[in-house]
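There are 2 protein chains.
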Amino acid sequence: MDFLIDNECFYKAISDVNKAVSLKTPFSILSGIKIIAYYDSLVLVGGNSDLVIEKVIPLAVDGVKVLEVIKTGSVVIPAIHLSEIIKKLPAKVHLRVNEKELVIIQSEEIITEIFGFNSDQYPMLPQIDETDYIKISSSELIEIIKQTTFAVSKSESQPALTGVKMLFKDSHLSIAATDSHRLALREIIVESNIKGSFIVPSSSLNELTKLINNNYSEIRIYVNESFMVFKTSTFTLFARLIEGNYPNITGLLPKNSKTTITLDTAQLLRGIDRACLFASEWKNNNVQLAIIDGKKLKISSNSSKIGKIEETQKIKEIKGETDLTISLDGSYLINALKVIKEEEIRLSFGGSMRPVLIEPINNPSYIHLISPVRSY
Amino acid sequence: MDFLIDNECFYKAISDVNKAVSLKTPFSILSGIKIIAYYDSLVLVGGNSDLVIEKVIPLAVDGVKVLEVIKTGSVVIPAIHLSEIIKKLPAKVHLRVNEKELVIIQSEEIITEIFGFNSDQYPMLPQIDETDYIKISSSELIEIIKQTTFAVSKSESQPALTGVKMLFKDSHLSIAATDSHRLALREIIVESNIKGSFIVPSSSLNELTKLINNNYSEIRIYVNESFMVFKTSTFTLFARLIEGNYPNITGLLPKNSKTTITLDTAQLLRGIDRACLFASEWKNNNVQLAIIDGKKLKISSNSSKIGKIEETQKIKEIKGETDLTISLDGSYLINALKVIKEEEIRLSFGGSMRPVLIEPINNPSYIHLISPVRSY
Numbered sequence: 001m002d003f004l005i006d007n008e009c010f011y012k013a014i015s016d017v018n019k020a021v022s023l024k025t026p027f028s029i030l031s032g033i034k035i036i037a038y039y040d041s042l043v044l045v046g047g048n049s050d051l052v053i054e055k056v057i058p059l060a061v062d063g064v065k066v067l068e069v070i071k072t073g074s075v076v077i078p079a080i081h082l083s084e085i086i087k088k089l090p091a092k093v094h095l096r097v098n099e100k101e102l103v104i105i106q107s108e109e110i111i112t113e114i115f116g117f118n119s120d121q122y123p124m125l126p127q128i129d130e131t132d133y134i135k136i137s138s139s140e141l142i143e144i145i146k147q148t149t150f151a152v153s154k155s156e157s158q159p160a161l162t163g164v165k166m167l168f169k170d171s172h173l174s175i176a177a178t179d180s181h182r183l184a185l186r187e188i189i190v191e192s193n194i195k196g197s198f199i200v201p202s203s204s205l206n207e208l209t210k211l212i213n214n215n216y217s218e219i220r221i222y223v224n225e226s227f228m229v230f231k232t233s234t235f236t237l238f239a240r241l242i243e244g245n246y247p248n249i250t251g252l253l254p255k256n257s258k259t260t261i262t263l264d265t266a267q268l269l270r271g272i273d274r275a276c277l278f279a280s281e282w283k284n285n286n287v288q289l290a291i292i293d294g295k296k297l298k299i300s301s302n303s304s305k306i307g308k309i310e311e312t313q314k315i316k317e318i319k320g321e322t323d324l325t326i327s328l329d330g331s332y333l334i335n336a337l338k339v340i341k342e343e344e345i346r347l348s349f350g351g352s353m354r355p356v357l358i359e360p361i362n363n364p365s366y367i368h369l370i371s372p373v374r375s376y
Numbered sequence: 001m002d003f004l005i006d007n008e009c010f011y012k013a014i015s016d017v018n019k020a021v022s023l024k025t026p027f028s029i030l031s032g033i034k035i036i037a038y039y040d041s042l043v044l045v046g047g048n049s050d051l052v053i054e055k056v057i058p059l060a061v062d063g064v065k066v067l068e069v070i071k072t073g074s075v076v077i078p079a080i081h082l083s084e085i086i087k088k089l090p091a092k093v094h095l096r097v098n099e100k101e102l103v104i105i106q107s108e109e110i111i112t113e114i115f116g117f118n119s120d121q122y123p124m125l126p127q128i129d130e131t132d133y134i135k136i137s138s139s140e141l142i143e144i145i146k147q148t149t150f151a152v153s154k155s156e157s158q159p160a161l162t163g164v165k166m167l168f169k170d171s172h173l174s175i176a177a178t179d180s181h182r183l184a185l186r187e188i189i190v191e192s193n194i195k196g197s198f199i200v201p202s203s204s205l206n207e208l209t210k211l212i213n214n215n216y217s218e219i220r221i222y223v224n225e226s227f228m229v230f231k232t233s234t235f236t237l238f239a240r241l242i243e244g245n246y247p248n249i250t251g252l253l254p255k256n257s258k259t260t261i262t263l264d265t266a267q268l269l270r271g272i273d274r275a276c277l278f279a280s281e282w283k284n285n286n287v288q289l290a291i292i293d294g295k296k297l298k299i300s301s302n303s304s305k306i307g308k309i310e311e312t313q314k315i316k317e318i319k320g321e322t323d324l325t326i327s328l329d330g331s332y333l334i335n336a337l338k339v340i341k342e343e344e345i346r347l348s349f350g351g352s353m354r355p356v357l358i359e360p361i362n363n364p365s366y367i368h369l370i371s372p373v374r375s376y
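Taken in order, these protein sequences are the chains called W and G.
For the first sequence, position 86 (counting from the first letter as 1) is numbered 86 according to our numbering, and the numbering increases by one without interruption.
For the second sequence, position 334 (counting from the first letter as 1) is numbered 334 according to our numbering, and the numbering increases by one without interruption.
In short, the hints are calculated from the structure, not lab data.
One or more of the hints may lead you astray.
Note that the list lumps identical chains together, so a pair holds whenever it fits in one copy or between two copies.
Calculated lysine to any residue pairs in the SDA-like style (CA-CA distance at most 25 Å, straight line) [as the list claims (entries may be wrong)]:
{"hint": "1", "residue 1": "195", "residue 2": "325"}
{"hint": "2", "residue 1": "298", "residue 2": "104"}
{"hint": "3", "residue 1": "298", "residue 2": "108"}
{"hint": "4", "residue 1": "295", "residue 2": "236"}
{"hint": "5", "residue 1": "146", "residue 2": "168"}
{"hint": "6", "residue 1": "169", "residue 2": "359"}
{"hint": "7", "residue 1": "258", "residue 2": "157"}
{"hint": "8", "residue 1": "305", "residue 2": "25"}
Keep in mind that this is a model prediction, so the values were computed, not measured.
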């Protein structure tokens, strides 16, 4: 293997596949990046047992030549050293591998030698059947991931809850995440010929949003027995599915409410954020909400050791009973409010011991549910 | 106590004095900020046993009214809660204290109550005799601190070496820092009527540079038996001196050298930085320097497990013997090169087992010394 490559372009690709490389792996070959040189492109692969990222570098990017392959071949190079070295090289990189898997990297008068691995030992990529797929814009995909993944469980005791449930039905995709105390649910309309329900690790989806970053493009999603695959023109991400049963979400949604109020999203977020200063002393970040005179919402939190904080906010519209006091985990409310882009939200209460339903006004595609905490 | 204050101005002052407040103190009153309201100013004090910061807020800043004191008085408020609350308040702050030391903070419709402490229990500030002092510009003070403090010892086994030695003699100030493997020494000319030698904690000097930040102004330095005091128009920093004997520095400086070479500072820094990638596997970050054919400097590092890196750089000028190989701790060299602003530097070698002297070309006021490491 022998090729010349633009140092910045090479470093970018290494950083991208490096997101899937774990240093803690017991298999030393998986701590490396597999590089395959073809005459028309360079392919980089990094992965662990749950996530694999493949990146393709063509001969030219935006009409500028970035790659020249002198001899095809493949090798696996320790990711951490490859990344650090290429980052610090000042100019075009010449990389070649000898028959003993010794990788020689040269840039101007700088010569580095790293011991590589034989690429035959690197695991094969999962097979994709490209017949059935969904098309989605990267910006929409990022939005729906950010609106749901934060609500997954942080505990491994129920592995299914650490993932996001993606349900494909007709031309709808619904995405749900819950840790059993709260639920985030988003629906979108997609062009799709996939059917079924899959649990995708939230960590893999979060890596996907970092990979996409600001490169707006179209993404195709494929599914096989064990993997959900996200493919763009420059990268492919393979996310291993989580096996197991996901709780029935429809049963959780409240059928009716006693009180419904409309509030300013950003103002409520700031108020809850302030109340959380003292709430942090509580096990569940307790913040109290109370309706005052049917016109105002009082947000308060108090701590016997530090003091207390309270403020009132104007209720824009109220329906139903005007008498309500409820305690919520303030951090859950902050998480939910942060991902709502709409200016106003509706909170629906079924009583002080029933979950609160949060919906953006004029956008029926996102709902959020938070269970109250006992404050006594 | 009762006053109205601009929230941003208040938050900035709280953040500044907070730098000296420790959460780990066994004296709970020291985890607070003392606030004293006079009719013409507000004074904030935060401190621990080694460092005290005092900040004064006048009635107006740049002609804009920021403070109105309704009733004078003083109180101590837990720093962490005060800082977090004021940061999150949207507008002008009204702060008042009742007879039970309960602090009531109000901003628009937000009301917070925090339990304060009686300010009588807060320690007195050290006394300053303002007769003798040095005047120095803040930018020059920042420069000399940054050029020396990094070389102090990180180990507490010799407390004097964790500080910087400041020697005032005639109109000279010399500042030295050493961890016994390297030495940074800077001299400046100052207007001074102070005489003597003092050991100042490097941590207090680093906090001082953060306080000054980009506010260029004149600083006066006072010294009493236990403290060095840095005073500007807006803040005063009291740094407790370290007691003990400082090693004799003059004896460490080499009298003559066998080889002297001139190099490009930035290029050498980049080269050493690259060589350190593999050097990290060594106990002392070993990087080898060797003069090749009397014309080039070879920088290399190798590791039996990972591989090796080497590069050659042009020597701009060479004097003395042309045969030299030496091993140095690369991270020490990086620290020293980073604080040199001059484009070129001179390295003077007395042999492979003698310390290397580093001097910026055309600036005799800064020198740096690094002991070699045994590479076998």
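Quiz prompt | Homomeric proximity label, residue 295 with residue 236: Cα distance no greater than 25 Å | solution = Neither way: residue 295 and residue 236 sit 52 Å apart in one copy and 49 Å across, limit 25 Å.
Quiz item: Given a CA cutoff of 25 Å, do residue 258 and residue 157 count as a within-copy pair, a between-copy pair, both, or neither?
Solution: The answer is neither: 35 Å in one copy and 68 Å across copies each exceed 25 Å.
Quiz item: For the identical chains here, do residue 146 and residue 168 meet the 25 Å Cα criterion within one copy, between copies, both, or neither?
Solution: This pair counts as within: shortest intra-copy Cα distance 19 Å, inter-copy 59 Å.
Self-check item: Up to 25 Å CA-CA - residue 325 versus residue 195, copy category
Solution: The answer is neither: 43 Å in one copy and 69 Å across copies each exceed 25 Å.
Practice problem: Classify it for me, residue 298 with residue 104: is the Cα-Cα distance of at most 25 Å met within a copy, between copies, both or neither? | Solution: Between. Shortest inter-copy distance 18 Å satisfies the 25 Å Cα cut-off; intra-copy 67 Å does not.
Quiz item: How would you label the pair residue 169, residue 359 (within, between, both, or neither) given a Cα cut-off of 25 Å?
Solution: Classified as within: same-chain Cα gap 23 Å, cross-chain 72 Å, threshold 25 Å.
Self-check item: Alpha-carbon proximity context of residue 305 and residue 25, limit 25 Å
Solution: For residue 305 and residue 25, the Cα distance is within 25 Å only across copies (18 Å; inside one copy 45 Å).
Quiz item: How do residue 298 and residue 108 come out at 25 Å by Cα distance, when the copy is not named: within, between, both, or neither?
Solution: between (66 Å within a copy, 14 Å between copies)
Going down the numbered hints, you'll see the structure goes against 1, 4 and 7, while the others check out.
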